[in-house]
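Colleague: Start from chain A and add chains B, C and D with the ligands according to the hints.
Listed here are the chains, written in short residue letters.
Protein chains: 4
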Amino acid sequence: MAREEKELEDDRLNEYYGRLQTLHLGPLWSSIQTIMSKEPRPRALPYLWKWDDVYRLVMESGELVTPDRGGERRVVFFRNPGLEDLQPWGWGALTHTLYAGVQLLLPGERAPSHRHNQNAIRFVLQGSGAYTLVEGERVKMEEGDFLITPSGLWHDHVHEGDTPMLWFDCLDIPFVYQLGVTFFENYPEFHQPISQPENYSTQRFTAPGLLPLTDRDNRYAPQAIYKWEKTKQALDQLSKLDPDPCDGFAVEYVNPATGEAAGHTIGAMMQKLARGDRTQAHRHVHSAVYHVFRGQGYTVMNGVRFFWQSGDTFVVPNWVWHEHVNDGNTDAYLFSANDLPIMERLKLERSELYPEKYQTVVGDHLGNGGRT
Amino acid sequence: MAREEKELEDDRLNEYYGRLQTLHLGPLWSSIQTIMSKEPRPRALPYLWKWDDVYRLVMESGELVTPDRGGERRVVFFRNPGLEDLQPWGWGALTHTLYAGVQLLLPGERAPSHRHNQNAIRFVLQGSGAYTLVEGERVKMEEGDFLITPSGLWHDHVHEGDTPMLWFDCLDIPFVYQLGVTFFENYPEFHQPISQPENYSTQRFTAPGLLPLTDRDNRYAPQAIYKWEKTKQALDQLSKLDPDPCDGFAVEYVNPATGEAAGHTIGAMMQKLARGDRTQAHRHVHSAVYHVFRGQGYTVMNGVRFFWQSGDTFVVPNWVWHEHVNDGNTDAYLFSANDLPIMERLKLERSELYPEKYQTVVGDHLGNGGRT
Amino acid sequence: MAREEKELEDDRLNEYYGRLQTLHLGPLWSSIQTIMSKEPRPRALPYLWKWDDVYRLVMESGELVTPDRGGERRVVFFRNPGLEDLQPWGWGALTHTLYAGVQLLLPGERAPSHRHNQNAIRFVLQGSGAYTLVEGERVKMEEGDFLITPSGLWHDHVHEGDTPMLWFDCLDIPFVYQLGVTFFENYPEFHQPISQPENYSTQRFTAPGLLPLTDRDNRYAPQAIYKWEKTKQALDQLSKLDPDPCDGFAVEYVNPATGEAAGHTIGAMMQKLARGDRTQAHRHVHSAVYHVFRGQGYTVMNGVRFFWQSGDTFVVPNWVWHEHVNDGNTDAYLFSANDLPIMERLKLERSELYPEKYQTVVGDHLGNGGRT
Amino acid sequence: MAREEKELEDDRLNEYYGRLQTLHLGPLWSSIQTIMSKEPRPRALPYLWKWDDVYRLVMESGELVTPDRGGERRVVFFRNPGLEDLQPWGWGALTHTLYAGVQLLLPGERAPSHRHNQNAIRFVLQGSGAYTLVEGERVKMEEGDFLITPSGLWHDHVHEGDTPMLWFDCLDIPFVYQLGVTFFENYPEFHQPISQPENYSTQRFTAPGLLPLTDRDNRYAPQAIYKWEKTKQALDQLSKLDPDPCDGFAVEYVNPATGEAAGHTIGAMMQKLARGDRTQAHRHVHSAVYHVFRGQGYTVMNGVRFFWQSGDTFVVPNWVWHEHVNDGNTDAYLFSANDLPIMERLKLERSELYPEKYQTVVGDHLGNGGRT
Ligand SMILES: [Fe+2]
Ligand SMILES: [Fe+2]
Ligand SMILES: [Fe+2]
Ligand SMILES: [Fe+2]
Ligand SMILES: [Fe+2]
Ligand SMILES: [Fe+2]
Ligand SMILES: [Fe+2]
Ligand SMILES: [Fe+2]
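Protein chains in written order, with numbering that gives the first Met the number 0: chain A, 0 to 371; chain B, 0 to 371; chain C, 0 to 371; chain D, 0 to 371.
Any given hint might turn out to be false.
The list treats identical chains as interchangeable, and a pair is accepted whether it falls inside one copy or across any two copies.
[As the list claims (entries may be wrong)] With a cut-off of at most 30 Å between alpha-carbon atoms, the simulated DSSO-like pairs for lysine-lysine come out as follows:
| no. | residue 1 | residue 2 |
| --- | --- | --- |
| 1 | K346 | K49 |
| 2 | K239 | K356 |
| 3 | K346 | K139 |
| 4 | K37 | K139 |
| 5 | K226 | K139 |
| 6 | K231 | K139 |
| 7 | K49 | K356 |
| 8 | K239 | K226 |
| 9 | K5 | K356 |
| 10 | K231 | K5 |
| 11 | K49 | K226 |
| 12 | K37 | K231 |
| 13 | K37 | K5 |
| 14 | K346 | K231 |
Worth flagging that the hints you see were computed from the coordinates, not collected in a lab.
Okay, chain A solo, but in the shape it has when bound:
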């Protein structure tokens, strides 16, 4: 085609595209390569937040706001740099489906009771003396504990201790937001009444495979809390066996009455990397959010090292190559949450091992993720 002809054709096409646009229509042949890419192109980026920054700002919020009706919770949440331009508020997205933040409750405070169709999980970072109330059960929270508040259950928090209480929250807020189907409801009063024995779950669930007969028809969310002490013991025990090649010694938090993810749409696990461990690189369709509970090391994502230590939060977006390295002097414990249950229920999950065992490191993450 002569140059002139080509220009004429382009003009005509552009004029046509303009008319399509006016009528809220679009040409698939021009857009298919961006909206149906060959491989996943998540807008979420690998990223890492240092605990010093997060902690300082969360504590400062304690002087600025209180957890009242309306604001509901005092949480500083992570905004994925690749998603933060989404309006409003980057949809609270750390990955395409998951929100995560650090919540602060000060001694004597109470956060109001509400329920919503998002699922929530929590992992306790610091402090003691606080309780979560879930559907009438008062549950004591202690460092390292994992808790769930699935869709539709009333929940509120109260702090009877004397030092600040901090925990990590993860919800499927962006997933439900982008579907446009959120429901949120305030409890008629500030607090719900207590209707169950305190720490009812830990009294009913004490050993693997022993289901209380009285729980036979109670399979929705029978176990509210998973204590750190037991998780730690489980991992120490597993450490005598072979590790998972890509995740080290790891346990998934599951519903003891079904074996499915305790957090319903949100998967969660605690993994232990012994001193010197380096996992094999892989990638998978599901995304994950990591909180470094203990230890020091780095995670290589698409060839870039992200250095972490206790308290840091980092994100492994969908289909990003990743491997974890513990190069500190102690065992490392990484807590993580993911959207694997969503991917599995919709038959979208897929994964692959990196062709070699480890990635070639091509750089270090600048700024927050850098090691100084």
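Modeller: Quick look at chains B, C and D with the ligands alone, frame taken from chain A:
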């Protein structure tokens, strides 16, 4: 609080919010009411496209482009006015999860073979003589037929007839796009080979509840096509019985080997409104895309009338009150696709009847949706 | 061991076994080889009943008894010669799980309404003008139709025609009997009221994969009847494709809303053997009961030929090698019922192909099964 | 009808019945009331065996036989007096579906490796130093432990301790036997090789809801043993909460990866009755086999008291009213196995509370069940 104090506090908060933002963090207490609204606030809007507009532009595309490798398909798709600012291309979204468009294949043309992890369904609008090839089966498409191309199956189209062939496509493109997990693959050659008898499905599936023994272990997508003639007969038969109060006489297209939605993540149905029928108003969490196959009438959405006739496309976003009215002189047939399977698998579905039987009409849709 | 010692030891063991028996105890080491055999040793035997015999005796019963409350139904049932010594009544067993019989309803008669936890299926042999009432739906029965009456549904029969009506019944009576868990209940009156349109199922289910929207939450037993005309058409259509190597052209009767066996615990199918067809020999854990609807041929079971023609009934016990041969002048249609759903739900099913294609015939069945 | 006529008619019917019988046919109207009874009429009887008797005879078997290939296991099993006339060996039936016995392994002995399609569970009564090998895992057995050997897994036993080892076995032998579908296979050698770390399960499963990541795809039978120490702790913990009205404080042994019965077709639980406890009377379709692990009391079955103490075995057949009473000076622990999973999978389960809280006691069981 004195006015001055309030200003000081606001300043301090704003300064604090600025520091949060710099570190890619956000305050939940300020954002919770927008990202966790009390009720669904889909950005998708109720809207309607007139067939005249769509048809004219689709036919024009026939002069401008061909279905080659790269562009893949000649489709003009619907961009929901509430979502079209999403980059790129409004993600192809007609609802938060669903893409839909009208595809044109001209006599003698072929569209190249590919596969993807999005699920696709098709509804044939006009023409005859075209075939879809799905995983080795050549399937003849005729007006009113419903077809499926579930995730992961190779498919291509070929037109051996002599008039333009038009069909309505619906895929879960925006859902998979926003998860960031798309996979798309070209078949090594332009076309896949034929490995099954022609119209294999319609030979194997001929009556309800009769499963070929040879299909006992073939439950993924055993039936590729649902012929209009049978759908029409089914609706005529159902018309002698009581209608569904909110949807009239309706059949859902299901997998005959499982009873689940034929389109996997995409539900689909054909509904018939007899002359003069007016359905009861309701709303539901799932969204729906309608194509008016035959007839004339209007749909009231949140109090506004959207007038439709044969060939028009309209969208019922999540949680929008809606009711359908056939005020024409013939029976009306509405084809629709929805994301109910996604909502159900993730336990998000909810619905309610309008307090009264019908909505109060407060206005008519301007522009495209208006009746002239 | 010297002979004397051996005798002493045997004496001691026998004396010990006697003491065990007195206390209702038993020695596993002596019994394991019989109660845990290496391969299935069903007590049920391959057997065949000639239609002449069955028909003559069933018709004679029409002069002797009526279907009143107490006797409930006028049925002559098949007693497997290997099981008929079980008390009482050989438990009604044709296989270890299945009962089958031929029911006769004379013009003007009615059989009383009842329900039970056994599942029932029926296949109509002769006559017209009779109706089954199942849970308020009046269903017309015609030659070749397949019907279901699953566990817990009220059912009664009424005959408004003018010639005797005969059908084949199959229930899981022996299975439920041997579990000792039967429930049976009479409807308070002789008949239940009609609450649904006549032939409601055939009006709602007309084509494969088209589920009436109003049946979305009605998955227990939505389709009461499967008409012969449709079954015949399905088989003729399938005959243009490849047959199942061991079963010829065959369709399974399934619930159109789930794809599972229509008869719940009872599987059922209709298979067509074209003139001259001989299927490949195989065996499987599940057992089957055959009724020859049309045609003439023989079935080789464990090397023995059982000759059949229209109206004959034969049984293929668990794990018996079998192959079917149509040596008549027309297509043959074999109806069969089986306990595959029970085996599958309890993960007991297993099957294997005969090492060669066909068995070596070693004899012909004497007596009833002989061809004269 | 005159007496004479009646006699004539009876004669004619009897003559007819004789002809039916000759042809292996039967009249349903005469038999329906016995083979389809109004309510369950299990042939199994409530019964109880005293430990003194069982123990004495089991120990005596230790002098008479060894666990060699062929006899396989040295077990004395319980024969339900209502079923023991079944040939052969009362089919090993303690209930219509379940076999149970007491197995003895002497110091230094080994029982050969085999597998079968019956499911097995075990409960350890006395001794220590014995191991079970299941599919390559060596599992140490101690008093009060619960173990599983599901269908199809190789298993053998070896005793390295120095006192006799006794355990309670329960299998679904009669259920599989009466279906006529048993498979049993000897391992090519006397023992299978060890391929897993010792006590692999107890190392992997340490706390409720913590699933090792490496077990994600291993859901068939991931946990081989449930230690008494943990069971005891669980029951002590539950004792602070409300008991189940009909079963006291009780835990069901479940598969930690699915929440389903650990024994597949065989349900099992351990229940604790505190001093003075009396449960509410009820009955259910499923049957149960009890072994009194510790304590003293009685169970009322259909109005008759069966007195038990540590080591006794008793059986609660289907649909028998029953309630348990601890009238000893200590807590009582009752182990039980049942066929509830079979009933549930086939939708046969049903249960009801006794109209009053307790049954009226009408007698004491004579003989073995009597208290002296
Ligand atoms: Fe919340
Ligand atoms: Fe990973
Ligand atoms: Fe495509
Ligand atoms: Fe609707
Ligand atoms: Fe019946
Ligand atoms: Fe067969
Ligand atoms: Fe065994
Ligand atoms: Fe009970």
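Colleague: All the hints need checking, so say for each whether the structure fits it.
Modeller: Going through the hints against the structure:
1. K346 / K49: neither (35 Å within a copy, 35 Å between copies)
2. K239 / K356: within (23 Å within a copy, 52 Å between copies)
3. K346 / K139: Close across copies (28 Å), not inside one copy (37 Å); limit 30 Å.
4. K37 / K139: between (48 Å within a copy, 29 Å between copies)
5. K226 / K139: Both ways: K226 and K139 sit 10 Å apart in one copy and 28 Å across, limit 30 Å.
6. K231 / K139: both (18 Å within a copy, 24 Å between copies)
7. K49 / K356: Close inside one copy (28 Å), not across copies (57 Å); limit 30 Å.
8. K239 / K226: both (21 Å within a copy, 20 Å between copies)
9. K5 / K356: neither (49 Å within a copy, 58 Å between copies)
10. K231 / K5: Neither way: K231 and K5 sit 68 Å apart in one copy and 48 Å across, limit 30 Å.
11. K49 / K226: within (25 Å within a copy, 43 Å between copies)
12. K37 / K231: neither (41 Å within a copy, 39 Å between copies)
13. K37 / K5: within (28 Å within a copy, 53 Å between copies)
14. K346 / K231: neither (32 Å within a copy, 32 Å between copies)
Hint compliance for this structure: hints 1, 9, 10, 12, 14 are not met, and every other hint is.
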